[in-house]
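Q: The task is simple: from the sequences and hints, build the whole structure.
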Amino acid sequence: MKYVFIYFKEQLDNLSTIVYISKFTAKNNYMGLKLGKIWSYLEPLTLFLVFYLLFGVLFPRSIPGTVPAVPWILIGIAIWFFLQFTVVNGSTSIAYQYSYFSMMKFPMSILPTVQMFYNLPVLGAMGGATIIIAMYDGYFPNLYWIQLIYYAIGLIALVLSYTLLCSTIVVFFRDFKMFLTYASRFMMYFSGVVFDMTTFHIIPGAIRQAMLLNPVYYVVEGFRDAIFARQWVWQKDWSYTCVFWGLIFILFVVASYLHIKYRDKFSDYVN
Amino acid sequence: MTEDKRLKVRASYLTKRFALKVNNESDKKKFFKANNQTFDFWSLRNVNLNVYDGECIGIIGLNGAGKSTLVNLISEIISPTTGNLQVNGEVSTISIGAGLQNGITGRENIRLKSLMMGMSNKEIDEQMDEIIAFSELGPFIDELVKNYSSGMKSKLGFSIAVYQNPDILIIDEALSVGDSTFAEKSSKKMFEFRQQRKTIFVVSHDINSINKWCDRVLWLHYGEVKELGSKDVVLEHYKEFINWYNNLSAEQQAIYKEKCQKEQLNYSLLNLREEISDTIDTRKRSASKTINKILDVKDGYKLSLFSKVMLGLVTIIIIMLSLIATSNWTMQEALGKPYEFFTEGHLFHRKPTFERELKEIESSESKSEKKTSSKLNESTQKVSKSSVSSSTTSHSNTSAQATNYTVKAGDTLGDIAAENNTTVQAIEQVNPNTDLSVISPGEIINLPGNSSTTEMSH
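Going down the list, the sequences are from chains A and B.
The first sequence maps to residues 0 to 270 in numbering that gives the first Met the number 0.
The second sequence maps to residues 0 to 457 in numbering that gives the first Met the number 0.
Check each hint, because a few of them may be wrong.
[Unchecked claim] No more than 27 Å apart at the CA atoms, straight line, and that leaves these computed lysine-lysine pairs for BS3-like: (1) Lys22/A with Lys145/B; (2) Lys36/A with Lys26/A; (3) Lys235/A with Lys350/B; (4) Lys26/A with Lys121/B; (5) Lys36/A with Lys145/B; (6) Lys22/A with Lys121/B; (7) Lys264/A with Lys261/B; (8) Lys301/B with Lys1/A; (9) Lys292/B with Lys264/A; (10) Lys260/A with Lys292/B.
Don't read these hints as lab results, they were simulated from the structure.
A: This is how it looks when you write it as structure tokens:
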């Protein structure tokens, strides 16, 4: 528990550094490209178009309820891209960037957070687009939208804890990055991002219920609950909420402990 | 220790071991193999060092003597294998191009490095012009660092580090790149530092510059401290050694090098133990205890008991809640009767309230309906649609008493029963052939016939 507090203190102390590094990460990534950072918006947008054609136009039955397809898919893609990019890039952030930052005393735990901040504007832009399209479809601002703050905090907590854990593992075991990349492609379809598996009656009811335990599902559906004014968080089955925060707690405790325990030894493994 | 000689760095019995791989074995093999084929390389062996404020220590030695390892240890980039290292104060390191990001401009690098050293944006704004002026980069400050020459990089690195106001400054062979005018300027700055009683470490092969700046010199020789003392003595010995070495034939040089490197490889904790026992009084009873204490390198990071208990507790709660989530009971029911929950076979069943429906797009049909009844909301559309279908199938119904009901979106069996003043059991009785645990919208079920006021009347 002590280590979780140390971790959060390091994040808060270095907040201005985090924001600054995340700014020039974009510059580094898109060096020499004319469109620059616009590419980081174009990638999720192209994927959105593909999935909209597939599940919004060709197989429209896969979207539950009476919700319009475009904002429903868009918010899913936005969250998924934020999560995937942060986790996959953040997991290698320590292993790859160690040499840049090692020449000074500097907490390595902020590197995954840098990735999170780097991807935050894309999530914000796509989330904003979703809200505008939802308003066009007749979902006007209402009290339910307050929940967006709650679910955004949940999403960030999930991303940070998971990325911290992965980044520590990747230092010692590089192959884990490849595993993460492939697993995330696979998990996309089980997380209710582009279609809702829990509506498929082919799958036994118990399994469909179990799918909702997936923390990504919790967050994605939460965002949709808020935008489409479906339900309040306390109207959900409480067990899902408790499991979500319980998982976050475990992730934070384990990740910060492992990170702080092994960060003295990073230099022996990173070259 | 007197007051004007505060201890800045203290190293005792410091060693650093690196594990080197024997051949090009992949990391995968290393990961799975328990006793992987590595050999230990002792980059530093039993280094003892006390440095006070206001001192300038020169570190000399051949390549691979462990100079950079020692400097990295002091700046806390790597951790020692054994021994105790105490560093009092902020450390700032300058080495060629290190810590400079290639993809951004010099100005941005100044801000970045200063931020990382813990300065605020306001402080940086105040110092920015001074740093740029000191670096002599002029208009190049807004160029990308990757286009800089090595001299420019070194100038920039030095300027940034100097303005961090560090307590301990480490210069790792960085000044050999700058031209003599800049070297003059930086040496002035360093003397200024010494007057402010800051500690400086200079790593260099250049004996002249060490002679100019430092008062004490540490001579590292293949991981060992060969000599530590005033600069005149050590530098004289070092020069003698270099001369002696250079006069050897190439063959002899190779043999000598191999011999020294072998020592570094064959070193072990046992040797260190012997060396320590030479330095302390072994006649004392507590001697072996002291040695063990020195050699014992525990890492101080352990999960507290409280954290472990919390972890366990949360794990159990998560498992319990996951079971509830996949059962057909709600949380209140399951927590109210935990025993029945596990014994009566509620696990892994769908909840009666769990129904998520798909979007109904019967394309053209529903669209045309939408046009005619654009004011109606979605649910009434569905009722009207399903009422059509129920009327077509009602004739096939065998039960005279029963009425039909078409399941709507979001309906559960309980809802239907409540709406029609019956019970779930009664509905199940009149539907012997249907599996009511899975009801989907549009499905037609029979209702017990006492209710005459269903919404299905058309």
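Q: Work down the list of hints and note, for each, if the structure agrees.
A: How the hints compare with the structure:
1. Straight-line distance between C-alpha atoms of Lys22/A and Lys145/B comes to about 18 Å, which keeps the hinted pair within the 27 Å bound.
2. Taking the CA atoms of Lys36/A and Lys26/A, the gap is about 8 Å. The hint holds against a cut of 27 Å.
3. Distance check on the hinted pair: Lys235/A and Lys350/B sit about 13 Å apart at the alpha-carbon level, within 27 Å; holds.
4. For the proposed pair Lys26/A and Lys121/B, the alpha carbon gap of about 23 Å is at most 27 Å, so the pair holds.
5. The straight-line distance between the Cα atoms of Lys36/A and Lys145/B is roughly 20 Å, inside the 27 Å bound, and the hint therefore holds.
6. Distance hint between Lys22/A and Lys121/B is fulfilled; the C-alpha atoms sit about 18 Å from each other, no more than 27 Å.
7. Straight-line distance between C-alpha atoms of Lys264/A and Lys261/B comes to about 25 Å, which keeps the hinted pair within the 27 Å bound.
8. With a C-alpha separation of about 10 Å, the suggested pair Lys301/B and Lys1/A falls inside the 27 Å cut-off, and the hint holds.
9. Among the hinted pairs, Lys292/B with Lys264/A is consistent with the structure: their alpha-carbon atoms are about 21 Å apart, no more than 27 Å.
10. For the hint linking Lys260/A to Lys292/B, the alpha-carbon distance of about 21 Å falls within 27 Å, and the restraint holds.
Going through the hint list in order, the structure satisfies each hint without exception.
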